[in-house]
Amino acid sequence: MSELRKAHTNATYFITCTVVGWIDVFTRSRYCDVVIDSLHFCKQSKGLDVFAYVIMPSHIHLIARQLDGKLNETIRDFKAHVAKQILRLVESEPGESRKDWLLYMFRYYAKFQQQNTKFQFWQKTNHPIEMVSPEMLMQKIEYIHSNPLAASLVIDSASWLYSSACRMSSFTVARI
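Throughout the sequence shown, residue numbering follows the numbering used here, covering 22 to 197 in sequence.
It is possible that some hints are incorrect.
Unchecked claim - Derived CB-CB ranges, DEER-like:
1. S118 <-> N31: 35 to 45 Å
2. A179 <-> Q136: 32 to 42 Å
3. F133 <-> D177: 23 to 33 Å
4. G116 <-> E156: 39 to 49 Å
5. D98 <-> V153: 39 to 49 Å
Stated by the list, open to error - List time: in silico DSS-like cross-link candidates among lysine-lysine, alpha-carbon distance up to 25 Å:
6. K161 <-> K64
7. K105 <-> K139
8. K105 <-> K91
Think of the hints as simulated: they come from the structure by calculation, not from any bench. Please read all numbers here as calculations on a predicted model, not as lab measurements. Heads up, the beta-carbon is just placed ideally off N, CA and C, and yes, glycines get one too.
From just these sequences and the hints, can you work out the full model?
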């Protein structure tokens, strides 16, 4: 990943993780649960502070920081773990009607990346944007929480199960 697209400090960042081809993977609760469990693990074991997040069908937005300055490494590990777990579920769980198509698409995108010989799940960049003011932070939190509403997935932001708007008590909420 380009050095210009990495979070280099212990600052707070708005991050977007996008599935290759904008494939709607997170339409199954079992895949969203992998993301939630992985975020909790990173919070508890790696010191990741998550201020807000939303899991949309093809991407994840989050506002996070890591005080030891290793946010890039944690997000890299988070993405790798989520990809492996979801690919394992797609390959092995019964009831995935899109199994063949999903695996075909992930193989297709892997052809364009040297380090991925079999599957490519995530787009390479996370598009980190440093939160430089409390106003910017609040604007991005509002954007994250209103994303399901803007996509007509719910009529109330707090009703989207896979968002910190619904689960605020289980994640850190703090100021910059």
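Outcome of the hint check:
no., hint, in the structure
1, S118 <-> N31: 35 to 45 Å, "43 Å, holds"
2, A179 <-> Q136: 32 to 42 Å, "39 Å, holds"
3, F133 <-> D177: 23 to 33 Å, "40 Å, violated"
4, G116 <-> E156: 39 to 49 Å, "45 Å, holds"
5, D98 <-> V153: 39 to 49 Å, "26 Å, violated"
6, K161 <-> K64, "20 Å, holds"
7, K105 <-> K139, "11 Å, holds"
8, K105 <-> K91, "21 Å, holds"
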